[in-house]
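These protein sequence lines map, in sequence, to chains H and W. 1 is the number of the first residue of the first sequence in our numbering; add one for each residue after it. 1001 is the number of the first residue of the second sequence in our numbering; add one for each residue after it.
I should point out that these hints are in silico values taken from the structure, not numbers from a laboratory. Just so you know, not all the hints are guaranteed correct.
[To be verified] With a cut-off of at most 25 Å between alpha-carbon atoms, the simulated SDA-like pairs for lysine to any residue come out as follows:
#	chain 1	residue 1	chain 2	residue 2
1	W	Lys1103	H	Leu36
2	W	Lys1103	W	Leu1086
3	W	Lys1097	H	Pro26
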Amino acid sequence: MNSAVPAAVVRLTLRRSWIGWMFILPFVVLFVVFYLGPLLVGIGMSFTDMRSTDVTNPLAVDVVGVDNYLRLVNDGAMRRAAVNTVVFVVTALPLTIGLGLAAAVLLNSGIARLPAAFFRLGYYLPNITSIIGIAVAWKFLLEPEAGLVNRLLELVGVQGPNWLQNQSTALPSIIVMTAWRSFGFNMVVLLAALQTIPRELYEAAEVDGAGRWARFRSVTVPSLRPVLLFCTVYSSVGFMQFLEEPLVMTRGGPLNATLSASLAIFGQFGVGNYGYAGAASTVLFTVIVALAVLQLRLGRNR
Amino acid sequence: MRRTRRQHAIIYLGLTVGLVLVVGPFLWTALSSVKPEREIRRDPPTFWPETWTLDNFVELFERVSIGTAFANSVIIALVLVVTNLLFCSMVGYAFAKLDFRGKNLAFGLVLVQLAIPAIVLMVPQFVLIAKLGMVNTFIGIILPTVVTPLGVFMMRQFISDLPDELIDAARVDGAREFRIYFRIILPLCGPALATLGLITFLSSWNNFLWPAVVAQSENMYTLPVALNILNGNEGTHYNLLVAGSVVVIAPILLLFVFLQRFFIQGIATTGLK
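Please put together the full structure from these sequences, using the hints given.
Below, the structure written as C-alpha cells:
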C-alpha cells in the first residue's frame, strides 16, 4: 500500500469493498452452493460409479476413470439421442428463425400500430405458455382419431398417421411444435432490430434500382447480422438441451425416435445412474459451449 | 416505402393466416374444455360448443388434487417474486453503482451462471437438495432460483441509467449505503421491478422439470407437475386434460394481455426472456 495514500482513504476503500460484497452476498452464496459447486461435483461424479443409493453413503463410490465416457460411445440409445438432437437443432433452428424473421418483416412493412401490436401479442403467446399446457393441446390436436388435424385431413381425403406414435412422424411433429412455440421470441428481437435500420438505406437502394428482394438481401439481412447471430446462438443453446417437449409428448418414444440427449440424461438420472448421467451431461455441456464459441467466431469473422 | 392497397391486403392476409395457426390450438383447447366429453369425441367435430358445461373443470378439481397444485404454484411463484425483487435489485445496485474489489470478477459469475445448461446441474443439484434434507419441500423447489442472474443483469442495466448525483447527494448527507438503496434507489425502480416481477412469476409458474424432480408427493405438486401426472395416466380423458391445460394457461394469458407492455420491455432491456 502506498504510504502517500491517507489512512482515511484506505479505510474508506476497504469499507466500500466490504459493503459491496455484502450487497452481492445473496447472489455469490447461491452461485457457489447451487451452481459452481454442483457443476464441479457433476464433472467429478462423471469419473465415478455413483448411484442414487450412494447419496447417503459416499464411501461406497468408486473412481472408475473414463469408464462412463467409454460406455457412452457404445450406448445405442445415447447415440440415437445424439443423432436426434442434431436433427432437431439443424431443422428447428432455421425454421424458428425463418418464421420469426418472416413475421417481423411483415409486421414492419408499414401496417398500422394497433393491428401490429395485436398480431405481435398473438404470435408471442405460445412463448410464455407452460410446456405442459401446450403439450396437452398439441396431443389433442394430433390425436389419430379425435384430433383436429387428422379430421381436417379426412376432409381432403387423406388418412393422417398416428403422428406421435409413428417413428417417422414423431420427431418432425415435435420440431414443428417447437418452431411454433419459439418463433415469437425471435420475432420480437428481430422486429426491434428492424425498426432501427435507417430508412435512407432503403431509399438509396431503391434509387440504385434495387427491387424488393434485392433490398431485403442487400440492406435488411446485413443490418440484422448481429441480431441474427444472437438469435442463432441463443436458440441453438436452448435447442441443444431440448427435453421437456419429448418428455411430455412422447416420453422419448416410439422406440427412442424422439429421445433427446437431455432426455436420455434425465432418464439415466431417473434410474439412479448418477455417475453415468454426469458423464453424458459433461459431454453435452462441452458440445454446447464449443458450438456457441464456434458460431460466435464464424459470425464475427464473416 | 410506398405500398399499394393490394400489397397491404396480402400482408394482412399472411399475418391473419399466421395468427389462426398460432392461436388456433389454444382456441380449440379452450372451446373443447367447455364441451361435454361426448361432444369432444364426436365425429365430425363441433367447433362452437353445442352444450356449454363446466363439468370438466368440476371433475378436474374433484378427482385430481388440482386445487392444491394451483395453490402450491401460486405460493411458490409469489415467494420467488418477492425474493427476486429484493435480491436482484440489491445485487444489481451494487454492480451498477458501488465500487469494490473483485466487482468485475463477481459480475463475470453472473454471466457464467446464465450460460450453464440446466440439465448439467440437475443431478448434482438434486444430490445437494437430498443431502440438505429438502427433497419434497417448498424450500427445495424455491432455493435455486431465489436470485436469478437474468434478474441481476436486468436490474443492473436499469440502475446504471439512474443519475449518480442522487446517490452522491445522499452520501454527502451521510446516508448509509443500505439506506440509499432502500430509500432512494428502490423507489425509482418501479418499472424495472414490475417487469422483473412478471418475468419471475411467469418462469416460476411455467417451471416444470425442477419441481417435478423435487416434489414427490401429491400435496407438494405444482400445477404443471400435477397436469403431467394426469397426462401420463393415460391420455384418453381428454376432457380433463384440456380443462387442466386451460387452468395452467389462463392465468398467464390474463397477465400477458393486461401487462403486455412490461413483457416486451423485459425482452427489449435484456435481449433475453
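Evaluated hints:
The suggested pairing of Lys1103/W with Leu36/H holds, with an alpha-carbon distance near 18 Å, which does not exceed 25 Å. For the hint linking Lys1103/W to Leu1086/W, the alpha-carbon distance of about 20 Å falls within 25 Å, and the restraint holds. For a cut-off of 25 Å, the pair hint linking Lys1097/W to Pro26/H stands: about 17 Å separates their Cα positions.
Going down the numbered hints, you'll see the structure goes against none, and every one checks out.
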